[in-house]
Structure formats: structure tokens, C-alpha cells
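Protein sequences appear in the order of chains A and B. Using the working numbering, the first residue of the first sequence is number 8, and each one after it goes up by one. Using the working numbering, the first residue of the second sequence is number 2, and each one after it goes up by one.
Misleading hints may appear alongside valid ones.
Claimed, not checked - Result set (DSS-like, lysine-lysine): computed pairs, CA atoms no more than 25 Å apart in a straight line:
#1 B:Lys41 - A:Lys157
#2 A:Lys327 - A:Lys198
#3 A:Lys157 - B:Lys39
#4 A:Lys159 - B:Lys210
#5 A:Lys159 - B:Lys14
Stated by the list, open to error - Far from chain B by the CB rule (all over 10 Å, computed), these chain A residues:
#6 Gln64
#7 Thr105
#8 Glu108
#9 Ser133
#10 Val390
Stated by the list, open to error - Partner residues aside, some chain A positions facing chain B, computed with beta carbon under 8 Å:
#11 Ala91
#12 Val111
#13 Gly112
#14 Asp116
#15 Val128
#16 Arg140
#17 Val141
#18 Pro404
#19 His405
It is worth saying that the hints were derived from the structure and are not from the lab. Cβ coordinates follow ideal geometry from the N, Cα and C atoms, glycine included.
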Amino acid sequence: MSPSQDNAPAVFVDSVSKRFRIPHERVHTLKERALHPFRRATHDDLQALRDVSFAVQPGEFFGIVGRNGSGKSTLLKCLAGIYAVDSGVIYVNGRVATFIELGVGFNPDLAARDNIVLNGVMLGLSPAEARERVDRVLDFAELHEFEELKLKNYSSGMQVRLAFSVMIQVDADILLIDEVLAVGDAAFQQKCFDEFRRLREERKTILFVTHDMPAVTRFCHRAMLVERGELVTIGDPGEVADRYISVNFPGNALAAAPGGQPVSEYDADILDAWFEEEHGDRHEYLPQGRPATFRARVRFNTEVRDPVFVLGLSNEHGHKVFATSTTWVDENTGQFRAGDEAVLGVTFENQLVPGRYTANFQVARPGSGAMVLAQLDPAASMVSTGTRNSGGIVDLPHEIDIRRPVRAPEESPA
Amino acid sequence: MTTQAAHFGRPIKGPSALSGGRGRLLSLTWTLAFTDFKLKFFGSVLGYLWQLVRPLLLFGVLYVVFTHVVRLGSDVQFYPVVLLTGIVLYTFVAEATGGCVSAVVDREGLVRKIQFPRIVIPLSVIVTAYLNLALNLIAVFIFAIASGVDIRWSWLELPFLLAFLGVFATGIGMALSALYVRYRDVRPIWEVGLQLLFYASPVIYPVEKLPNATDQHLAMCNPLAAVIQQVRHSVIDPTAPSAAQAIGGAPRLLIPIAITFGLFVLGFWIFNREAPRIAEEL
């Protein structure tokens with residue numbers, strides 16, 4: 008039973024199924040029960056997981072991807088022992104720590120110190136172990152000066168930092184992590200990513216649930232795609248991410264209805280999106296240093312006034328290298344009626360270092376609520392071609408000059 | 002099967018009342034209980050005072066009513082001490098069981114997010130109630146000694162009586178906390194139940210004032226009544242009838258004992274049956 012067994016997978020899941028009962032009307036009172044003692048409460052069964060099997064080797068960083076409601080979080084909760092499975096078995100080899108949510112057990116009326124202990128105990132430390140780690144946690148979170156402050160006076164970003172810092176101080180062989188990355192400011196996020204890399208290098212076994220594809224391709228050794236409770240594919244993270252994108256964002260956003268009639272889920276459809284080189288020809292390979300254009304053809308299914316068009320370009324590592332929006336250029340994009348089409352063009356000087364870039368395109372209603380009418384990610388992709396790979400993200404137009412400053416009278420060196 | 006299990010490691014069985022290890026059960030119970038206690042204690046400026054004020058206020062009102070208006074307690078030895086002790090013991094049971102009712106629902110964040118022995122939730126409520134009781138008892142002892150109650154060896158019975166009372170409260174608490182997840186009217190029902198328990202126990206009236214012996218014997222079948230009576234006998238006033246005398250013979254004490262342990266087993270059975278699915282039902 009020791010965690011160091013040879014050849015034993017860290018996590019072994021054998022044909023696990025999980026069903027939820029969704030009662031039609033909830034019998035919440037004894038009176039209802041007493042009045043209708045023989046009426047069986049009717050219910051729908053929701054098959055959250057259907058016959059899922061896989062194994063994760065020790066030291067593997069394993070991604071579980073799928074859209075909302077696909078069953079990936081249910082799977083994680085079954086692995087964590089929070090839900091009982093209906094059939095199948097799960098084995099784990101080693102100490103497990105679960106991070107379904109950051110800051111489990113946090114109490115707003117207690118100081119940060121007390122909350123660290125509380126949260127640590129919730130995550131499986133003994134109270135003594137938790138107390139030992141308080142300082143390390145505060146160091147990592149950079150919140151030492153606020154250690155006696157009650158948590159309710161913390162900003163939400165600070166709370167998240169504290170929670171994440173507790174999490175990485177909990178030592179376990181197997182970590183189950185559910186979308187906790189989308190937190191904190193950019194600097195702290197970078198720190199989190201660094202921690203993930205460290206955990207990966209320490210050969211911890213990590214099961215990571217997310218729909219952040221760049222994170223999957225960046226960190227995971229392997230990944231699996233879950234759709235409607237079933238395992239769709241398992242293997243190379245890049246392939247799984249591609250599959251996820253093709254399943255969830257089909258080339259044109261027209262989803263086929265059961266009858267075969269194309270219907271639109273959205274209030275607008277992105278019919279096509281592509282890149283053009285400087286002469287207006289459709290092209291995937293765009294020379295570095297020359298103008299390039301992104302174009303998208305959009306059809307509105309409802310009346311919209313001044314829609315907002317948003318374009319983002321991401322490199323292969325998932326870094327967004329460029330983003331723009333009509334709100335920053337011209338808000339008056341015009342009035343569109345249902346059935347109207349528009350072709351948007353964004354022309355830019357291609358200063359991107361050689362490599363592949365994907366475009367993320369969105370159409371939204373104006374206003375701070377920013378209701379999305381349609382979106383496509385990736386909408387199109389392009390390859391910046393060139394010979395000079397400087398190692399940066401962009402190749403800004405620049406000049407280099409060297410001057411020799413007139414030397415100031417030297418102060419006597421000590 | 003066992004060889005397979007040994008090969009693949011530890012099977013994950015899903016949540017239950019007790020699974021998750023004894024160390025974790027104890028440390029979680031204590032951490033949750035002490036946190037609650039601390040929040041109450043340090044949460045407001047007069048923390049400890051508020052904890053005392055409620056039983057003391059009830060005591061003040063009842064004392065005035067039953068010594069000056071109804072004169073029920075005027076010929077009872079150490080009536081004020083008996084009254085206060087009864088109130089404090091009743092308050093313990095009321096806090097412990099009443100707190101358990103919504104405990105699982107209130108701790109939803111934990112139940113749905115981490116794996117731990119589910120029994121921790123009602124147990125931590127009981128432990129918090131014990132901590133409050135300990136503080137209240139300090140006040141009771143000061144009051145008793147000031148009133149001229151003698152310190153005696155029979156005081157050593159007290160921890161056992163309190164432990165017994167805890168078993169009684171835990172049994173009820175486990176059942177209530179598990180049932181409340183499905184049936185929300187457990188709360189009003191138990192509020193009425195607690196009222197009944199108060200008047201069914203010899204808190205404001207001494208048990209010997211009941212009209213006949215049969216009534217006295219019946220009243221003593223209530224575990225809380227038996228504990229209050231025995232505390233009165235062994236701690237406050239040795240001339241008062243002990244629980245055994247009041248119920249009509251020591252063998253009959255098996256009735257409240259059986260009720261207490263019966264409730265405990267029943268409560269655990271209910272909780273254990275519901276525990277695996279509590280996270281989904283919430």
C-alpha cells in the first residue's frame with residue numbers, strides 16, 4: 008500500500024459511472040410526505056459520468072478538459088471522494104489533496120493567520136503542521152504586513168493570493184485541481200504558473216480540470232476530453248485541445264439541429280474569418296514587417312445598434328500578443344437589422360516574430376455588460392514568416408545606435 | 002480482489018460518516034468547534050458576557066416568578082442554585098441539538114468542496130456547546146459556593162453526568178442535522194420539541210412537587226431530567242432525592258440510559274445512511 012510501488016498508476020479509474028437524480032418537484036416538508044406517503048417522487052436521471060476509465064502515472068500532469076456540464080468537475084469530485092460513484096472503482100496511490108475551490112473554510116471574521124490554519128486543516132494538514140507553515144504561506148502571498156487583518160477587510164485579489172499560497176504549501180503526492188488559475192492579477196498569475204511548473208518538475212501527480220486550452224498545452228503531459236459524461240479522447244494535450252476546439256467551436260458557428268436544419272445558438276453568426284496579405288489576397292503565411300489584414304464576415308440574426316468587434320491574437324504559448332476593439336477606435340459601427348451581413352477588417356503592421364498565431368474574434372453588444380453576440384476561438388490562424396527570430400514576442404520597429412558619452416570627471420575611487 | 006487493491010493502491014469509496022481517518026476526524030472537529038467558539042467569544046466586545054447573559058436573564062425572570070409570584074421554589078433548599086444549574090444544563094442540550102439542525106446546510110461550502118468524515122459537522126457543534134457549558138459552569142460554581150453549597154467528593158460524578166448528557170444530545174443532533182438536509186420543517190418541529198423538553202424537565206419545579214409518584218417516575222425517564230436531578234443531588238443538595246430515588250429504584254435508571262443510547266444508535270444510523278449523498282442533496 009505504500010505510494011512507492013513500482014508500475015502502479017497514481018490514479019486508476021475503472022469504468023466509473025455517476026448519476027444524479029433531479030427530482031421534478033422537491034419534497035421539502037414532512038407534511039407533503041405525510042399527505043402523499045405512497046407517491047413516489049418522480050425524478051430525472053442525469054448521467055454525469057458514463058463508464059469512464061483511465062489511469063494516470065505518477066509524476067504526470069494530466070489535464071481534464073470539457074465544456075461546462077460535461078462532467079469533468081463531477082469526475083474530480085468522485086476522485087476526491089466527495090461524491091460516491093454509482094458503479095466502477097477508483098484507486099489512488101499516495102496522499103491526495105483536493106482543490107475544488109480556493110480558500111475552503113475561510114472565515115471572514117478571522118485574521119489571515121487563523122484562516123491559514125483553518126484552511127490548511129481543511130486541506131488535510133494537522134493543526135500543528137498548519138501552524139508551522141503560516142509564515143511560509145504569508146511569505147509566498149506577500150501578505151506579511153496584513154497577517155492580523157481580518158479576512159473581510161482583504162480585497163478579493165488578496166484573499167485569492169492567500170488561498171493559493173496555502174494550497175501550494177500542502178504537500179501531497181496527488182493534487183486534484185479544479186480551475187483555480189483564473190485568479191489574481193497578472194503578476195500573481197505568473198507566480199502561480201511558476202508554481203505549477205515547479206510542481207511539474209517535482210514530479211507531483213496533478214489532475215487538472217480546466218477549459219483553458221493554452222494552459223493545457225503548456226503544462227500537461229497528457230490530457231483527456233470529456234463530453235456529456237463520456238470520455239471522448241485521451242492523449243497528447245495539443246491534439247486534445249484541438250479536438251476540444253473543433254467540438255465546441257465548429258468552423259462556422261452554425262450548430263446542426265437534430266432535424267438537420269441549421270439553427271444558430273447566437274444572435275449573430277461569424278460566417279467566415281481569414282487573414283489577407285497586403286494586396287488583399289487570402290493567405291495564411293504573412294511576411295514579417297509587411298501589412299496584414301484580419302477579416303471576418305458576420306451575419307446578424309437580430310437588430311443591433313453599434314455592435315462591438317473584438318480581435319485578439321495569441322501565440323503558440325497562449326500569450327495574447329495583440330488585442331483591439333472597435334470601442335477604442337470608433338464606437339459608431341452602425342445599425343444592423345436581422346439578416347444583415349458585415350465584413351470587418353483589421354489591418355496591422357505584422358511585427359510578430361515568426362511563428363503561428365491564432366485569432367480570437369468576438370461580436371458583442373455595446374455597453375459595459377458586453378453581451379456576446381458571437382465568438383470564435385480560434386477564428387483563423389496565421390503564420391508570421393521571416394528569418395529573424397529574435398526570441399521576443401514582437402519585433403518592434405527599432406533602431407540601434409551606440410554613443411560614447413563624454414566622461415564626467417572621475418571621482419576618486421576609494 | 003485484495004491483490005488487485007494492493008496493486009492499485011487505496012480505493013476511493015466516496016464520503017461517509019466516518020471515513021477519512023481518526024486523526025482527521027479529531028483535528029477537524031476540534032478546529033471547527035474551537036473556531037466557532039472563538040468567533041463567539043472574541044467576536045463582540047462583551048463576548049463572554051453575552052454567553053452568560055442569556056441563561057442569566059432566563060434565570061432572573063424565572064427566579065422572580067417562582068419565588069415571589071408562584072412560590073413554587075420558596076421551600077426548596079438552594080432553589081436559586083438548582084434553578085440556575087437546570088437552566089445551564091438545558092441550555093447545553095438546546096444549543097447542541099438546535100445548532101446541529103442547520104449545521105450540515107450551513108457548512109455546505111465544506112461538504113461540497115472537500116472530503117472529510119461527515120460526522121465532524123454535528124460533533125463540532127456538540128464540542129462548541131461543551132465549551133460554552135464549561136464557561137457557564139464556572140458561573141454556576143461561583144454562585145453555588147457563594148450561596149453556601151458545600152464542596153463534596155460527590156462532585157466528581159459531574160463529568161460522567163455531563164458526558165452522558167453529551168451522548169444524549171449527540172444522538173439527537175446527528176439525526177436532526179441529517180434529516181434537515183431533506184426536510185426543512187425539522188427546524189420548527191425541534192423548536193417545539195425543545196420547549197417541551199424544558200417543561201418536561203425539573204428545571205423550574207423540583208421533581209418532588211409532581212402530584213404523585215407515578216408522575217415522578219415517568220418524568221425521570223427523560224434523560225435530561227434524570228441528569229438534572231442527579232446533579233442536584235450530588236452537587237448541590239444531598240438531601241434532595243437522587244435520580245435513582247426519584248425514578249423509584251436504581252434498576253429503573255436503565256430506562257433513561259437505554260433511551261439515550263438508543264437515540265445515539267438511531268441518530269448515527271440515520272446520519273450514516275444519509276452521509277454518502279449529503280453533498281449531492283444540498
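Verification of the supplied hints:
no., hint, in the structure
1, B:Lys41 - A:Lys157, "holds, 15 Å"
2, A:Lys327 - A:Lys198, "holds, 18 Å"
3, A:Lys157 - B:Lys39, "holds, 14 Å"
4, A:Lys159 - B:Lys210, "violated, 53 Å"
5, A:Lys159 - B:Lys14, "violated, 36 Å"
6, Gln64, "holds, 12 Å"
7, Thr105, "violated, 6 Å"
8, Glu108, "violated, 5 Å"
9, Ser133, "violated, 6 Å"
10, Val390, "holds, 44 Å"
11, Ala91, "holds, 3 Å"
12, Val111, "holds, 5 Å"
13, Gly112, "holds, 6 Å"
14, Asp116, "holds, 6 Å"
15, Val128, "holds, 5 Å"
16, Arg140, "violated, 15 Å"
17, Val141, "violated, 14 Å"
18, Pro404, "violated, 51 Å"
19, His405, "violated, 50 Å"
In this structure, the earlier hints numbered 4, 5, 7, 8, 9, 16, 17, 18, 19 are contradicted, and the remaining ones agree with it.
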